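Q: Spelled out, the chains give:
There are 8 protein chains.
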Amino acid sequence: MEIDEVLNQFKNDKISKKQAKERIALLQLEELEDEARIDTMREDRIGLPEAILGEGKKTETFVKIMKKMAKRKGRSIGTRVNKEQKQQLQKNKGQLEMEWHEKANIAVLKTEKTKQKEEGKVGVICAGTADLPIAEEAKVTAELLGCKVYNAYDVGVAGIHRILPVLKKYNEENIQVLVVAAGRDGSLPPVVAGMTDIPVIGLPVSTGYGAGGNGEAALLSMLQSCSLLTVVNIDAGFTAGAMAAKIAKT
Amino acid sequence: MEIDEVLNQFKNDKISKKQAKERIALLQLEELEDEARIDTMREDRIGLPEAILGEGKKTETFVKIMKKMAKRKGRSIGTRVNKEQKQQLQKNKGQLEMEWHEKANIAVLKTEKTKQKEEGKVGVICAGTADLPIAEEAKVTAELLGCKVYNAYDVGVAGIHRILPVLKKYNEENIQVLVVAAGRDGSLPPVVAGMTDIPVIGLPVSTGYGAGGNGEAALLSMLQSCSLLTVVNIDAGFTAGAMAAKIAKT
Amino acid sequence: MEIDEVLNQFKNDKISKKQAKERIALLQLEELEDEARIDTMREDRIGLPEAILGEGKKTETFVKIMKKMAKRKGRSIGTRVNKEQKQQLQKNKGQLEMEWHEKANIAVLKTEKTKQKEEGKVGVICAGTADLPIAEEAKVTAELLGCKVYNAYDVGVAGIHRILPVLKKYNEENIQVLVVAAGRDGSLPPVVAGMTDIPVIGLPVSTGYGAGGNGEAALLSMLQSCSLLTVVNIDAGFTAGAMAAKIAKT
Amino acid sequence: MEIDEVLNQFKNDKISKKQAKERIALLQLEELEDEARIDTMREDRIGLPEAILGEGKKTETFVKIMKKMAKRKGRSIGTRVNKEQKQQLQKNKGQLEMEWHEKANIAVLKTEKTKQKEEGKVGVICAGTADLPIAEEAKVTAELLGCKVYNAYDVGVAGIHRILPVLKKYNEENIQVLVVAAGRDGSLPPVVAGMTDIPVIGLPVSTGYGAGGNGEAALLSMLQSCSLLTVVNIDAGFTAGAMAAKIAKT
Amino acid sequence: MEIDEVLNQFKNDKISKKQAKERIALLQLEELEDEARIDTMREDRIGLPEAILGEGKKTETFVKIMKKMAKRKGRSIGTRVNKEQKQQLQKNKGQLEMEWHEKANIAVLKTEKTKQKEEGKVGVICAGTADLPIAEEAKVTAELLGCKVYNAYDVGVAGIHRILPVLKKYNEENIQVLVVAAGRDGSLPPVVAGMTDIPVIGLPVSTGYGAGGNGEAALLSMLQSCSLLTVVNIDAGFTAGAMAAKIAKT
Amino acid sequence: MEIDEVLNQFKNDKISKKQAKERIALLQLEELEDEARIDTMREDRIGLPEAILGEGKKTETFVKIMKKMAKRKGRSIGTRVNKEQKQQLQKNKGQLEMEWHEKANIAVLKTEKTKQKEEGKVGVICAGTADLPIAEEAKVTAELLGCKVYNAYDVGVAGIHRILPVLKKYNEENIQVLVVAAGRDGSLPPVVAGMTDIPVIGLPVSTGYGAGGNGEAALLSMLQSCSLLTVVNIDAGFTAGAMAAKIAKT
Amino acid sequence: MEIDEVLNQFKNDKISKKQAKERIALLQLEELEDEARIDTMREDRIGLPEAILGEGKKTETFVKIMKKMAKRKGRSIGTRVNKEQKQQLQKNKGQLEMEWHEKANIAVLKTEKTKQKEEGKVGVICAGTADLPIAEEAKVTAELLGCKVYNAYDVGVAGIHRILPVLKKYNEENIQVLVVAAGRDGSLPPVVAGMTDIPVIGLPVSTGYGAGGNGEAALLSMLQSCSLLTVVNIDAGFTAGAMAAKIAKT
Amino acid sequence: MEIDEVLNQFKNDKISKKQAKERIALLQLEELEDEARIDTMREDRIGLPEAILGEGKKTETFVKIMKKMAKRKGRSIGTRVNKEQKQQLQKNKGQLEMEWHEKANIAVLKTEKTKQKEEGKVGVICAGTADLPIAEEAKVTAELLGCKVYNAYDVGVAGIHRILPVLKKYNEENIQVLVVAAGRDGSLPPVVAGMTDIPVIGLPVSTGYGAGGNGEAALLSMLQSCSLLTVVNIDAGFTAGAMAAKIAKT
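So the protein lines, in turn, are chains A, B, C, D, E, F, G and H.
The opening position of the first sequence corresponds to residue 1 in this note's numbering, with each subsequent residue numbered one higher.
The opening position of the second sequence corresponds to residue 1 in this note's numbering, with each subsequent residue numbered one higher.
The opening position of the third sequence corresponds to residue 1 in this note's numbering, with each subsequent residue numbered one higher.
The opening position of the fourth sequence corresponds to residue 1 in this note's numbering, with each subsequent residue numbered one higher.
The opening position of the fifth sequence corresponds to residue 1 in this note's numbering, with each subsequent residue numbered one higher.
The opening position of the sixth sequence corresponds to residue 1 in this note's numbering, with each subsequent residue numbered one higher.
The opening position of the seventh sequence corresponds to residue 1 in this note's numbering, with each subsequent residue numbered one higher.
The opening position of the eighth sequence corresponds to residue 1 in this note's numbering, with each subsequent residue numbered one higher.
The set of hints was computed from the structure by calculation and includes no laboratory data.
None of these values were measured; they are calculated from a predicted model.
Any given hint could turn out to be false.
Cross-link-like lysine-lysine pairs, in silico, DSS-like; alpha carbons within 30 Å at most [stated by the list, open to error]:
1. D:Lys83 / H:Lys86
2. F:Lys83 / B:Lys86
3. A:Lys58 / G:Lys91
4. F:Lys83 / H:Lys91
5. B:Lys121 / C:Lys121
6. G:Lys73 / E:Lys169
7. A:Lys148 / C:Lys58
8. C:Lys83 / E:Lys83
Given only the sequences and the hints, what does the whole structure look like? Please build it.
A: Here it is in structure tokens:
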């Protein structure tokens, strides 16, 4: 690591103590015009790349960060990318390659077609058609992080018989972790977690209306479940997918 | 009905118009020392007896209302009765008979042992041992209202296989309505409602802790369910049991 | 049932044990291009058809599911259908017939004009003009499920005298279950339930503004009611109508 | 008024400008050992006496303030007085007279038996036995402020017929304002306000359990009511009684 | 009253008992094509006219009800009227006259220019420019109900000195009741209620952002106030104005 | 598996089809006097034993279930065990051995001292002394499930420098998953997850007071975290520990 | 001060007592057509200018107030100014000068270019790109109030190493107070407050989605923090900046 | 600083690079039997001592930490200390001196009577007698941190005239920062902040009942205030006092 280099220079009197400290501080920071600092060493540190959240960012800022990150790290991942952001990314990508995942609203910029070797197997299950975009966000994320992902959609609790054949297949495939997405009453993840020995990550989705709508009932249901599972925030497809990949790969 | 009597007297000039109106108004009201008016015609009007809620009433007021109601109507039902209320009722019941339902905290005062004919069949299912007292409140209520009640307790979603044999039996017995009680994540009623054509009343129970505890997650889950069911308030065992009886008997 | 057929084949050695199990699993599942599985046996299992919720679905997915279901089952019901979905359904319905219920935002696709025999009588009451679309959703649903439905709209608590003649008529008609819709303070269902022996399903509506608006006060009011009633989620007109039909028909 | 006295002294050079200002500032303040300042002119300013809330005060502080206020103003009113506070007040009241209102938990200290002339008529209605202590707090408060108070308790919405004779009598008595207390679903005040032209103050009470319990559903119901009424906080019997008296007396 | 007429006919055998009852029931109900029943006797019964809430009603329904009510009662009042509703009302008003209150979004249809005699004096105070439309809704309502209304706007707590001269003037004018509107922290009504003996109705307004925004902090503040006041729902300008008029006129 | 046995008997005509079905249904269920059914195959099915939650169970029911489970499975685990439950367990354990984990309130009943082989390494970190009992619940749980657990307590964000040496050590030990417990603001898990590539399970604890107290702020913080982590319910130490063990062992 | 002038006139009999009082009352009030009163002495009284909140004001009212204030006080500050308001201000500013702060949505109208001397040093830190506009609102506010402001943006907790060099620099610059803005989990302010002896004002920002989104988790986190800091409302950039300036300047 | 010492040793080859790093890490940590690490350098780092929160700690743990901290730093401060903790501290303080602040529930252990020089002036105002214990917690805290504290209690908004003389005196005394505590409606801090140029820290107190009780209305009111102030958590007297001292001393 670079810190050793700096410390060696300090020991050998090539730089002063003050200089050494300053260089270390600068080592990890890359300023982007006073607006965004890219945490370029994050992937090394926490084992997961930093996703650039499109939602809430001005298009030009988003594009600038995506490109800078892609050039430095070989690839950048943008989530919750809206139409305008996608189009501007396409237009301004220069020599970078761009992947677009329609259902998941995820954009990827890459320097070249890198072949990532597959490690880990993740299953993604969702309860209804309405939960699909968030389930896709989890699925594409896990794939981008190198996992083989199996998915089974529209497998709701109202028809409990739909679940068994799916779980049987996943067991045969030695899937290591499941992401189970559900909106409304959020019953699917507890039911699945009560039927399998694969660890389950519950992913509440902001469907439903009235009391407990927008994913609230789903989130609380999963937190209260007697079956054992861990949970991520409502609609947090990227977090669920990335954590699944992290677990599947260890 | 008495109103006809009064109107006849009016037509026949036995009483004045003003007198008639006053009598009708008084007909249905029975004052109890400025504190509680007994709605003695309620059972005729809405098809269900008025339960005397023990919770939040002073013991002596509770005992007084229970006795007055029992004498007038032949039977009175007290719910959420605490120990002191139960003991004082026992002590002061005079020539009335008393039934005590330990698990359900329900007391009944009766003028005599009346044999009620059984009408309607109700099933009561609960998800865990902790939900039992509320499930019992529903069960005893439905029995007091003349139904034959079947119950199956500790049938949780964490072990989905426990449910099927119960439902099969209930179908064979031609049960007309189910009360399904569940705390924590409240997944059981949606799952049951997705597996049977018997109408389900969801009864959320105030178990669970942390976010959504005290029955909140359970209630929201049931309201959000894709399976079809109707719901009563958290811990409202009497309401669930009485509504089940009302439906089973029609 | 088909399961018997499979088991017979197994017993007669026409198929292996493994094959039998696989066929049973496949029996009930019909995949729709990786997005939506139609639960075609649901109506047989739970006594109610599956409604296709338009809200939150992409128009083309919605149309595809509606058509597939109609072809297989003879009829499909879409709720909370928006304008675009309605128009595309109209355009692409092919040889199917389409019914459109304007006030209730419900679309029906049918293979032919089937004459359903009427069973059960349901009453639908609503408190104000603003509650009408949700009350209509309940009404049309119950009608589609074969009930004769009586309705009385704009019968609010602010003018309590409006309610009595309605209930009198319903009693004379031997209505078996009432759906009572109300927004804002939700007082109507408790008041109605205190005046009649017909079972009441409370249907809170997302009207009102400020504290407790959007149906929250209405829902809590109904859950807290001293009168006895069961409740469905805010704006859940389909659930209320379907449950009313289920009860009326048993 | 005293301010004129001070200003006259200033004009006549009896005191300096600085002195005058200081005196005015001191005029209205009476310090009580660093803990409580008695707002002795409040009754003149806002037309209502300051009640001393017992809840949350140490007994000795409570007693001290009650006595000081009684001596200065002729009477002091303590609300939500607990047993210990009541007993200590009794023990230490010296030559003051004490009134104790058991159901309302209100204590009054007085220098002598003053005969207050009756002005204004207030009606207090409550929905159930459990709402009685708060209704009593309102009633006693209005009486202490000089009103003649009529009350009718246990007049719930579950039996709507109980309300009409009460309202008829109140109209005949020319009652000027109604306080209507209700817990649980809080339907009574909206129903009453829809039946009478007497202004209604809704008083939500912290009864009920489960979702919307502790007066929450009652409060929201009253705020959402289509009938017209104004509302006070949950359990705020003193506020309701005092505001009723204020309105009745103008 | 008409009921006497009917009863007399009954006594004199002109109509049967059954007929009499039916006529009474019909007396007060006026059906509007299955959608809205006009409560035409409401004004007589509760002393306040029924306002037609524009918000949430379809334009044509709104216009139809406004016109019918105006023809029958001489005047109809529409609140929270949107632009389209206003324009259609203007276009289709026929021979009725229309008043439009721009700041308050209130429309009035009248058969002729009736000169209402002024009774009662109401003061309306608001805390900031943003609270003005709701304060205006209260003001116009009270004026339409025959009160003389004084208003003082933008009198916030951040500058407490702005309040005193206003209150002084109101006292001199013998104003009988105050409506005090405030959003954000809602401090103005408690402060005003602590400075005057005129009864105060607190009117929380849905301004403010972040935690407690949309009127929530304002409502809670007013409910918790140590000063005495009654409260209406967030943004309920019509209720506040109508209740103020009701109190001012008695 | 037993199901094969039954099917073979069916094929060989030893039992009828009906009998076979019944036996399968009974296979997995063990009734306990109408109150609790033990899910004895759960450990085989989901890879985790069923913990017996002491909280909310009557002591004698708790003891009965603990003993029955221990006899059948060789070991039973009771969590949130109160003093009375612990003492009765001790008194009535018969020939079973009992382990008591004081800080974690966990009781274990065992048939004999079984030596479990250690698999997987889990780290447990907590933010403050007040979070310790819940952290201990997680730690003991993971140990009982066969993991080697490292713990570091009182490592709060207020002193960020306390965290680095802990994480360094955990990396050297090849710990596979971290449980990070925190109450109040819940900042520790996000900070830790931003510094390490070991997967983090956030465990919110019900400490703190005022707004967001009782673990609410902690839970929301963890759900909102930009760092990646999964979360369990407030105070759900058993769930966190069991899920950590499940992940560490795969 | 003017009050002395008035009092002198009173003492010298130039005006009557009544006149004097009236003049004082009028002194501080400046009415703006019945809509907005400008509190022109506020800056003298509380040491901070009154900002004109654009949000929720009609454009023409906003422009009128901005101009009047600028003419009287030499400068007016408008916050949360939308595009239309900005354009109309530009168009109608007359001879006033206008400053526009794009990122902060703040507009300033001035009579002339006044050179304000710099007093006090404030640091503004924000956690992510999405928090930038609110952080800018705080920054520009503090600058307008005469402070030198240092800023460091996108310094999140997910990369804790980014914070240290920033704080080191701020210490060297003798910054007197820090505004730390953060959305989502709001962990940055607690972490910063645990690392420095400069007082921290936490500024929660309405970013994030799902449970605790819109700044709720951030606000609760900061309120619960073990590190010591004070907090302002969600998105209250102006308040944070103004309070920072107030503290920095004393 | 010690780090220089370690680095010098490293440069001079007295210790290896690995040793140097380890020592730095250990420098700031002092372990306390696996339960609590004392952050002994915190006071140097953030300018405020670490208070030991008694609430939620076992008595013996609390006493152990208090004593260890006192011995090392010369003084330790315990807040929210309950009776048992206080008594055990008294009993086991050994040669340390103990100060007990009754109203504030604060305990101090000291090695000797150190005379702290007074720096900074803080004012503490509270709205009612019930808010006093929390106001005292703030006051004693600021005094312990070396400030001269002025206090004025029971200065509520219901009597606005009580506030002016207090603020006048504080201005004359050159007080640098105000802590204003208020429960219920929390109006006092906004009113005070609108009347003075001294910076205000709002301290909501958990008084009040019903909707918005327990400090919720007070907190929201302060966050929404148009007057400028910063806020701490409900009942966070220590935080308010410590932050006031920090600001007053810079």
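Q: Each hint should be assessed against the structure and marked as holding or not.
A: Comparing the hints with the structure gives:
As the CA atoms of D:Lys83 and H:Lys86 are separated by approximately 28 Å, the hinted pair is consistent with the 30 Å bound. The hinted pair formed by F:Lys83 and B:Lys86 meets the criterion: a straight-line CA distance of about 28 Å does not exceed 30 Å. About 27 Å separates the Cα atoms of A:Lys58 and G:Lys91, which keeps this hinted pair within 30 Å; it holds. Annotation: proposed proximity of F:Lys83 to H:Lys91 holds, straight-line Cα distance about 28 Å (limit 30 Å).
Taking the CA atoms of B:Lys121 and C:Lys121, the gap is near 22 Å; set against the 30 Å cutoff, the hint holds. For the suggested pair G:Lys73 and E:Lys169, the alpha carbons sit about 29 Å apart, so the restraint of at most 30 Å is met. Restraint check for A:Lys148 and C:Lys58: satisfied, since their Cα atoms lie roughly 27 Å apart, inside the 30 Å limit. At most 30 Å may separate the alpha-carbon atoms for a hinted pair to count; C:Lys83 and E:Lys83 meet this at roughly 23 Å.
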